[in-house]
Amino acid sequence: YHIHGNYYELGTPSPGSDASGNLFVLYDPGRYRSVAIFHPVRGSLKRLAGFYSYDDGDGEDGRFYYSKLVGPDTSGFYSIRHFINDCSPSCAGGKTTSRLYAWNGTDYVQK
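Residues in the sequence shown are numbered from 1 upward in steps of one, following my numbering.
Derived from the structure by calculation, the hints contain no laboratory data.
The structure displayed is predicted, hence computed values, not measured ones.
Glycine residues also receive a C-beta, built at the ideal position from the N, C-alpha and C atoms.
Heads up, some of the hints might be wrong.
[What the hints assert, rightly or not] Below, a list of computed lysine-lysine pairs in the DSS-like style, where the Cα atoms sit at most 25 Å apart: (1) K95 with K68; (2) K68 with K111; (3) K46 with K111; (4) K46 with K68; (5) K111 with K95.
[What the hints assert, rightly or not] Here are the in silico distance ranges between beta carbons for each label pair: (6) G21 with A92: 35 to 45 Å; (7) S90 with G21: 16 to 26 Å; (8) K95 with S44: 33 to 43 Å; (9) P40 with A92: 21 to 31 Å; (10) G43 with S98: 15 to 25 Å; (11) P89 with R42: 19 to 29 Å; (12) V41 with P15: 15 to 25 Å; (13) L10 with V41: 17 to 27 Å; (14) G94 with R42: 38 to 48 Å.
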């Protein structure tokens, strides 16, 4: 899998995959730690959540930019805690909330 861009941190958690078989990559493009997720398919990886990009047109979605892994739980699955800043009145002074996402067998959905 070709990775575009430069990252301050780029690595895998321990364990790097969970009971879903998905591969998790932890990265930091310079502001927030984040999670990218890939699923092995014959001879390649299917991107479930890509890397944050600075809108450079590389096709990444970065949907779990500003997230962290939770777990794995007793069933062996990771969840994703995704943080959202409302940037009101500014991003520095905004309120941060979070949502938890879990694997449903095909994708990560909000719990």
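Hint check:
1. A distance of roughly 18 Å separates the Cα atoms of K95 and K68; the hinted pair therefore holds under the 25 Å criterion.
2. With a C-alpha separation of about 15 Å, the suggested pairing of K68 with K111 holds against the 25 Å cut-off.
3. About 23 Å separates the Cα atoms of K46 and K111, which keeps this hinted pair within 25 Å; it holds.
4. Between K46 and K68 the alpha-carbon distance is near 20 Å, which keeps this suggested pair within the 25 Å criterion.
5. Our distance criterion of 25 Å between C-alpha atoms is met by K111 and K95, whose separation comes to about 21 Å.
6. As the Cβ distance of G21 to A92 is approximately 39 Å, the hint placing it in 35 to 45 Å holds.
7. Checking the proposed 16 to 26 Å range against S90 and G21 shows it is violated: the Cβ atoms sit about 41 Å from each other.
8. A C-beta distance of roughly 40 Å is found between K95 and S44, which places it inside the suggested range of 33 to 43 Å.
9. A hinted range of 21 to 31 Å for the beta carbons of P40 and A92 is inconsistent with their spacing of about 40 Å.
10. For the hinted restraint 15 to 25 Å between G43 and S98, the CB-CB distance of approximately 36 Å leaves it violated.
11. For P89 and R42, the hinted distance range of 19 to 29 Å is not satisfied, since their beta carbons lie about 50 Å from each other.
12. Distance hint for V41 and P15: a CB-CB separation of about 20 Å, consistent with the stated range 15 to 25 Å.
13. Judged by the Cβ atoms, the range 17 to 27 Å given for L10 and V41 holds: they are separated by roughly 22 Å.
14. Range check, G94 to R42: about 43 Å between beta-carbon atoms, so the 38 to 48 Å window is met.
When the structure is compared with the earlier hints, violations turn up for hints 7, 9, 10 and 11 and for no others.
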